[in-house]
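Trainee: Note that the protein sequences, when read in sequence, are chains U and E.
Note that the first sequence covers residues 1 to 321 in the numbering used here.
Note that the second sequence covers residues 1001 to 1327 in the numbering used here.
Some hints here could point you the wrong way.
Label-pair distances were calculated between CB atoms; the ranges are [as the list claims (entries may be wrong)]:
(1) V271(U) x R1134(E): 49 to 57 Å
(2) E120(U) x V1279(E): 28 to 36 Å
(3) E1201(E) x E139(U): 52 to 60 Å
(4) P1266(E) x R23(U): 38 to 46 Å
(5) P286(U) x P1270(E): 42 to 50 Å
(6) L126(U) x L1020(E): 35 to 43 Å
(7) L1020(E) x F112(U): 22 to 30 Å
(8) I1079(E) x E246(U): 57 to 65 Å
(9) V1028(E) x F112(U): 20 to 28 Å
(10) D1131(E) x Q304(U): 21 to 29 Å
(11) A69(U) x R1134(E): 46 to 54 Å
Non-contacting residues of chain U with respect to chain E, defined by C-beta distances greater than 10 Å in every case (computed) [what the hints assert, rightly or not]:
(12) R23
(13) E47
(14) L84
(15) R124
(16) G162
(17) L203
(18) L222
(19) G267
(20) L308
(21) R314
Just so you know, the hints here were simulated from the structure itself, not pulled from any lab data.
Note that CB positions come from ideal geometry on N, CA and C, so glycine has one too.
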Amino acid sequence: MDHPAVAEEDVPLLSLQAFSLARGKVDVLDNVAFELGRGQTIGLIGESGAGKSTIALAIIGLLRPPEVALRGSIRFDGVELTGLAEAQYRQLRGNRIGLVFQDATAALNPCFTVGAQLAEPLSRHLGLRGNERRQRSIELLESVGIGEAALRLDAFPHELSGGMQQRVMIAMALACDPQLLIADEPTSALDVTIQAQIMELILERVRARSASAIFVLHDLALAAQVCDRVVVLYAGQVVEVAPAGELFAAPRHPYTRALRACSIELGQEQVLAPIPGSVPGLEDLPAGCRFAPRCDRASAQCAQTPPLVSDGIRSVACWHA
Amino acid sequence: MNESTVPVFSVLDVEKRFLLRKGRGGPVELRALDGVRLDIEAGSSVALVGESGSGKSTLVRMLLGLDRPGEGRVLYDGIDLQQVLARDRSRFAREVAFVYQDARGSMNPRFTIGEIIGEPMRVHRLHPAQDIPRRVALLLERVGLPASVAVRYPHQLSGGQVRRVAVARALAQEPRVIMADEAVAGLDVSVQASLLNLLRELVAELKVTLVFVTHDLGVASYLCNRIAVMYLGRILETGPVDSILQGPAHPYTRGLLESFPRFDRPLRAPLRGEIPSPVDLPAGCRFASRCPCVQPQCTEADPVARALDGRRLVACLFPLSGEVAAA
């Protein structure tokens, strides 16, 4: 593998700067900025329409011009990703950046066996063939907790349970020892006991390789449990970035606070406080702070977009924080 | 027995098997419900909690009389449900309302919201035709929607609004019991929170009995005062929410609680392995293959639900807490 020489330890593995993505005239992502350090995990949270999955797709080059217009920068391990050609993205995807999608049933090809799908990245990126490739496939399945791995290679996706399919996808994502794993709602289709098993597995595998991970999540408590840092998004804007523990213990942005106040906990005694109004559609995004129309602290100033201000540890984009 | 102590619904050792026409050795039998016992008291709110394939929805179909038990009986007000239905099906249909998982799919797309909410009143002749529009407006207000929604069609509403319409339609038939299947699943947290608050208010205000199917223990604990935990077609534990949250008696309940994401604890995966296939149930306790406290006896005897502390039922040979009543 040809890792560029600029990869110093103090350069973040991934950094988005002033990154905007437009469909037509609408900035679906507006000035998104965050960094992901080596060996770190980061969570993207927010309601539907926040742009969480869009960010994930943009990083791996599945959302590119001419379908959308990009501004700003995404740097991965010292290389600028925006503007890469498809051939170059193919060197990254499944190789240095692994992907786990929400819906394993849709992501796995129903016409090919688990073994055939697992073999693809191994042949393409690592050049493995024959028995060596088979051996490696078996090891990979075992590493994600699949028993009787040799037999499972011949199984078709529909012959496996949802949890088992998700494990296969994780094995595929980790096949080439990626530096970055992107997992978009990897467990939201799964039951809670299986969810805990799968999240524990992903974290353990990522840490064992000193890799980094981006989790797209809608469950705040799960984000608190699996992420070092959390990026809170609202309607395509980053509103707050902070270490997970501090973010939920003391949210600074009114939206983070509001999200926390309507997230249910076990044995919840306080009455949940829903956020008034609803997420704006792409056609009628408000100017300035996009959360302002639903915000209890909004003022005239909020018609101007607040900058994302960092104190070195946390950043928040709010005039009133 | 005193009239007021008869449960609205009693599920007595209900079993339901389905034949699946596949597999090499001929049809395969799926045991969707197996030895299910449950009492639903008037005025209580009961959550049926469990993972996919645990039989929650099948049990609700039994309670609604949409499916007959293979073995066992369902009683409504102490009378066999099949008899109740044979005698007066439409009265039962009026008294027991159902809120579907797929709210939009449960509405006729050619009906306006006003027609959808008004239909139960017309069918059950609850109000004179000229009063119905006013009643619809009141119900819309009650579920937090503007009266102008009445002239719109389901596809013009958001996911959260459609769920509110489904609740309004259930209220329109002035039910004693509301059953809901995953009525708040798949919504954003804020929309889910406001819908849960609405349901809580309605249950308290109208004194209806609520049977709420959910996979989410957090939702169950917020909305209901009793929980029945299901696993592979059996209720493993039933009891008041507080006592189940504070001292789960079944190892599976404890596993569910510990797997639930929390802000104040690191991630833990207390249970190992996969949920066994319901067409190939293990001998003995169906949870034994994943149970962290499994004993040799557990793979031999299939535990039936026993009373614990007088307030709970648990189907485990070695419950984690409380005193098992003498059999």
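Trainee: Does each hint fit the structure? Answer for all of them.
Mentor: Going through the hints against the structure:
At about 31 Å, the beta-carbon gap between V271(U) and R1134(E) misses the expected band of 49 to 57 Å. Separated by about 32 Å at the C-beta atoms, E120(U) and V1279(E) satisfy the suggested range of 28 to 36 Å. Against the hinted window of 52 to 60 Å, the Cβ-Cβ separation of E1201(E) and E139(U) comes to about 55 Å, which satisfies the hint. In this structure the supplied range 38 to 46 Å holds for P1266(E) paired with R23(U), their Cβ-Cβ distance being about 39 Å.
Between P286(U) and P1270(E) the beta carbons are some 45 Å apart, a value that agrees with the proposed interval 42 to 50 Å. With their beta carbons about 41 Å apart, L126(U) and L1020(E) fall inside the hinted range of 35 to 43 Å. Between L1020(E) and F112(U) the beta carbon distance is about 25 Å. The supplied range of 22 to 30 Å therefore holds. For I1079(E) and E246(U), the Cβ-Cβ distance of about 59 Å falls inside the hinted range of 57 to 65 Å, so the restraint holds.
Our hint of 20 to 28 Å for V1028(E) and F112(U) holds, since their Cβ atoms are close to 26 Å apart. Checked against the hint of 21 to 29 Å, the pair D1131(E) and Q304(U) fails, with Cβ atoms roughly 52 Å apart. A hinted range of 46 to 54 Å holds for the C-beta pair A69(U) and R1134(E), which are about 52 Å apart. With a least beta-carbon separation of about 21 Å from chain E, R23(U) lies farther than 10 Å from that chain, consistent with its non-interface assignment.
Look at E47(U): its CB is around 4 Å from the nearest CB on chain E, not clear of 10 Å, so calling it non-interface is violated. No Cβ of chain E comes within 10 Å of the Cβ of L84(U); the nearest lies about 33 Å off, and the non-interface call holds. Distance check on R124(U): its Cβ is at least 30 Å (rounded) from any Cβ of chain E, clearing the 10 Å threshold; non-interface status holds. Listed as a non-interface residue, G162(U) fails to keep its Cβ farther than 10 Å from every Cβ of chain E; the least gap is roughly 8 Å.
With a cut of 10 Å on Cβ distances, L203(U) falls inside the contact zone with chain E, its closest approach being about 7 Å. Once the 10 Å rule is applied to beta carbons, L222(U) is inconsistent with being away from chain E; the minimum gap is 4 Å. Non-interface status of G267(U) relative to chain E is broken: a Cβ of that chain comes within 10 Å, the nearest being about 5 Å off. L308(U), annotated as away from the interface, keeps every beta carbon of chain E farther than 10 Å; the closest lies near 23 Å.
Against the 10 Å criterion, R314(U) stays outside the reach of chain E, whose nearest CB is about 17 Å from its own CB.
Checked against the numbered hints given earlier, this structure breaks hints 1, 10, 13, 16, 17, 18 and 19; the rest are met.
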